[in-house]
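*Asks:* Residue numbers (the numbering used here), protein chains in the order written: chain B, 1 to 230; chain W, 1 to 164; chain S, 1 to 257.
Please note that a few of the clues may not be correct.
[Claimed, not checked] For lysine to aspartate or glutamate, the following DMTMM-like pairs were computed, each having C-alpha atoms within a straight-line distance of at most 20 Å:
1. W:Lys76 to W:Asp123
2. S:Lys128 to B:Glu144
3. W:Lys113 to W:Asp88
4. S:Lys48 to B:Glu44
[Unchecked claim] Partial selection, computed: residues in chain B whose CB lies under 7 Å from chain S:
5. Ala22
6. Leu41
7. Pro45
8. Met53
9. Glu56
10. Tyr115
11. Ile119
12. Asn124
13. Thr152
14. Ile156
15. His186
16. Ile203
17. Thr214
18. Phe216
19. Cys217
20. Val230
Since the hints were made in silico from the structure, they are not lab data. Backbone N, C-alpha and C fix where the C-beta goes; we use that ideal spot for every residue, glycine too.
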Amino acid sequence: MSAFDFFIGAMVALFCGLDRTAILQVMISRPIVAAPLVAWLLGEPLVGLQVGMMVELLWLARLPVGAAIPPDDTQVSIASCVIAINLGRLLQVPSSEIVLLCLLVAIPLGKVGQYLDHIARQINVRLLLSAEERLVNGQFLRAEVQHFKGMTNFAIATLGTYTVVVIGTFMLVPIIWPLVENALYHSSNWLELALPLIGVAVILGTINVSRALTLFCASFGMAFLLMWLV
Amino acid sequence: MSLVLTRIDNRLIHGQVLETWVPYVHADCIVVANDEIASSPLKRMMMEASVPSRMRVEIGTVDEITALFGSGSLEKCKILLLFGNTADALRAYRNGLIYQRLNLGNLHAGAGKTRLSCTIFLDKEDIGFLQELDVAGVAITARCIPADSERSWKKLVPRRKLKQ
Amino acid sequence: MALLRRTRVHIWFRLLLLQGSWNFERLQGLGFFFALLPGLKKLYPKEKLAEVGRHYLGYFNTHPYLAPLVAGAVLKLEEDRAKGQQPPVEIEEFKEMVAAPYAAIGDALFWGGLRPLAAGIALFFAAKGILWAPLVFLFLYNLIPMLFRISGFIRGYQQGIASVEFFQKRRLPDWAIHTKEAAVVVLGGLSAFLVFQHLQRIDMVSWVGLLAIVPVIVLGLLARKGVSTLLLVLLSAATIILLSLFWTDVTSLVAMI
Chain B
1 MSAFDFFIGA MVALFCGLDR TAILQVMISR PIVAAPLVAW LLGEPLVGLQ
51 VGMMVELLWL ARLPVGAAIP PDDTQVSIAS CVIAINLGRL LQVPSSEIVL
101 LCLLVAIPLG KVGQYLDHIA RQINVRLLLS AEERLVNGQF LRAEVQHFKG
151 MTNFAIATLG TYTVVVIGTF MLVPIIWPLV ENALYHSSNW LELALPLIGV
201 AVILGTINVS RALTLFCASF GMAFLLMWLV
Chain W
1 MSLVLTRIDN RLIHGQVLET WVPYVHADCI VVANDEIASS PLKRMMMEAS
51 VPSRMRVEIG TVDEITALFG SGSLEKCKIL LLFGNTADAL RAYRNGLIYQ
101 RLNLGNLHAG AGKTRLSCTI FLDKEDIGFL QELDVAGVAI TARCIPADSE
151 RSWKKLVPRR KLKQ
Chain S
1 MALLRRTRVH IWFRLLLLQG SWNFERLQGL GFFFALLPGL KKLYPKEKLA
51 EVGRHYLGYF NTHPYLAPLV AGAVLKLEED RAKGQQPPVE IEEFKEMVAA
101 PYAAIGDALF WGGLRPLAAG IALFFAAKGI LWAPLVFLFL YNLIPMLFRI
151 SGFIRGYQQG IASVEFFQKR RLPDWAIHTK EAAVVVLGGL SAFLVFQHLQ
201 RIDMVSWVGL LAIVPVIVLG LLARKGVSTL LLVLLSAATI ILLSLFWTDV
251 TSLVAMI
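Make the full structure from the sequences, and use the hints.
*Replies:* Below, the structure written as structure tokens:
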């Protein structure tokens with residue numbers, strides 16, 4: 001894997017990953033934005049679109065409410081793009097199948113993000129104490145600096161997640177690829193359809209709307225009939 | 001009447017309750033038993049305004065809520081009951097508001113409180129209260145949102161802190 | 001003494017970094033202090049600042065898009081207090097009172113409603129292979145949050161405590177429900193579109209697509225029961241891979257015969 005691609009990925013990972021909790025919250029952390037961005041920088045934007053499409057809805061229903069931390073879909077999608085593009089060139093295989101395999105390997109690794117984010121928030125507790133101390137001594141600037149240290153902790157957690165997912169995927173995919181290559185050629189189309197539908201299903205199952213299923217079925221049926229018959 | 005969830009949460013009604021627990025347990029009525037909120041019209045109004053209008057909200061002091069449960073006016077509801085702290089939960093239980101399960105959500109840090117999990121901080125008194133409930137047969141578990149795994153509170157409390 | 005516009009703008013920008021030091025003990029406490037510090041510095045002499053600041057370092061958590069509304073109102077109250085007027089509610093109490101309800105509304109409206117809605121619409125573009133899809137998402141999604149962030153801050157600062165009325169009058173929680181309903185409808189259309197597109201790609205008869213509702217509902221019910229997304233993904237992937245292998249074997253057998 002080229003170090004340059006890894007580096008580009010890390011920059012996007014940092015930029016988009018901080019948006020998850022630490023700063024901005026303008027949703028550049030969503031897979032539909034982060035994946036196409038990194039893939040575009042690496043020269044294959046369509047791979048990013050494909051990844052974003054498949055990951056975006058999966059954990060959308062896991063809301064970052066209060067102290068709850070959802071799995072890190074940002075790093076899953078960025079890392080999948082970086083690895084898929086690199087391995088695709090390396091192994092000379094069609095991109096669609098390798099993208100799928102990278103994703104399926106990376107998705108469970110999203111848990112690592114939860115874990116590291118958790119640690120960062122734990123470490124940040126210490127900043128409170130030092131901020132209070134500085135404040136009592138009248139060192140306001142130093143108290144403010146504690147806040148930036150918090151961002152640094154989030155940044156480290158983000159980059160850590162990215163690295164783990166990238167390395168994990170990079171190690172596992174070449175081993176698994178020969179085993180499932182054939183199977184993937186036959187099923188990639190269906191898998192590509194299944195992932196967003198699973199996301200939709202999870203949203204339907206957990207959204208706070210009565211009659212969500214009725215609304216969904218009506219709208220699905222209506223749209224489908226329109227496309228089919230018109 | 002069915003009590004679908006009983007929870008201790010310092011923040012009472014907030015995102016975790018409305019966005020994750022309400023759809024998970026299919027509650028249609030939120031009952032808040034908290035003396036502080038009940039006594040301040042402004043706080044009460046704010047809390048009521050954060051709930052969609054199709055849900056019923058009852059906010060009252062611990063005693064009022066205990067009486068409300070006894071009166072039978074909540075007969076047809078699926079109730080999500082919220083307490084602000086362990087003392088309130090125990091007081092209601094003693095006065096006859098019986099629940100089988102108790103969920104620990106967010107109990108903030110404070111002076112003298114030790115950390116049991118990232119969102120649960122308890123002091124000696126809290127542990128004593130919970131133990132009393134535990135002895136009375138209430139299954140107490142810690143779980144922030146439904147997607148988290150459920151853990152028995154006893155696994156979180158260091159052995160030496162539990163009175164034998 | 002009123003705060004200069006420049007200071008207020010500075011504070012608004014700092015509010016974008018509100019959650020930078022998020023922690024399990026006081027959540028956004030340090031962040032809120034960090035954001036308001038430029039204002040507090042102007043209002044209080046150095047000796048008093050430490051004491052005032054300590055209050056701000058306490059527990060605080062609300063939705064990041066509604067934090068500017070709280071911050072604006074708090075600044076107004078601090079200004080009044082600096083002028084010698086006693087605010088009708090203690091500032092501490094005000095902060096505590098609005099934080100959880102605002103958070104509940106923000107979570108429902110933005111995370112629960114707007115995000116799936118914007119994502120659903122943007123994915124139509126992505127499914128078509130249109131490279132602008134991410135920008136469509138960013139634009140659709142951020143329009144309303146930015147409005148809340150900017151006008152909330154201004155409104156909070158102008159109205160102080162009265163700013164809570166806005167929130168009460170607009171019945172925002174009901175709007176959140178409407179947004180979610182819209183999101184469900186869009187996701188229904190999106191699913192139909194994806195299924196239809198897929199069937200055309202593999203040259204299969206179209207009516208089969210209507211059957212796609214069944215697995216979606218089954219998976220939805222499993223999710224409702226609390227089965228994790230990860231498990232659903234792995235199970236479905238395994239099923240699809242096995243079925244497709246089986247299918248290719250059957251078709252090759254048929255071809256041989």
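*Asks:* Against this structure, judge whether each hint is valid.
*Replies:* Against the structure, the hints come out as follows:
no.: 1; hint: W:Lys76 to W:Asp123; verdict: 37 Å, violated
no.: 2; hint: S:Lys128 to B:Glu144; verdict: 47 Å, violated
no.: 3; hint: W:Lys113 to W:Asp88; verdict: 17 Å, holds
no.: 4; hint: S:Lys48 to B:Glu44; verdict: 57 Å, violated
no.: 5; hint: Ala22; verdict: 5 Å, holds
no.: 6; hint: Leu41; verdict: 13 Å, violated
no.: 7; hint: Pro45; verdict: 5 Å, holds
no.: 8; hint: Met53; verdict: 5 Å, holds
no.: 9; hint: Glu56; verdict: 5 Å, holds
no.: 10; hint: Tyr115; verdict: 14 Å, violated
no.: 11; hint: Ile119; verdict: 11 Å, violated
no.: 12; hint: Asn124; verdict: 4 Å, holds
no.: 13; hint: Thr152; verdict: 9 Å, violated
no.: 14; hint: Ile156; verdict: 13 Å, violated
no.: 15; hint: His186; verdict: 4 Å, holds
no.: 16; hint: Ile203; verdict: 6 Å, holds
no.: 17; hint: Thr214; verdict: 9 Å, violated
no.: 18; hint: Phe216; verdict: 4 Å, holds
no.: 19; hint: Cys217; verdict: 6 Å, holds
no.: 20; hint: Val230; verdict: 12 Å, violated
The structure fails to meet hints 1, 2, 4, 6, 10, 11, 13, 14, 17, 20 from the earlier list, while all remaining hints are met.
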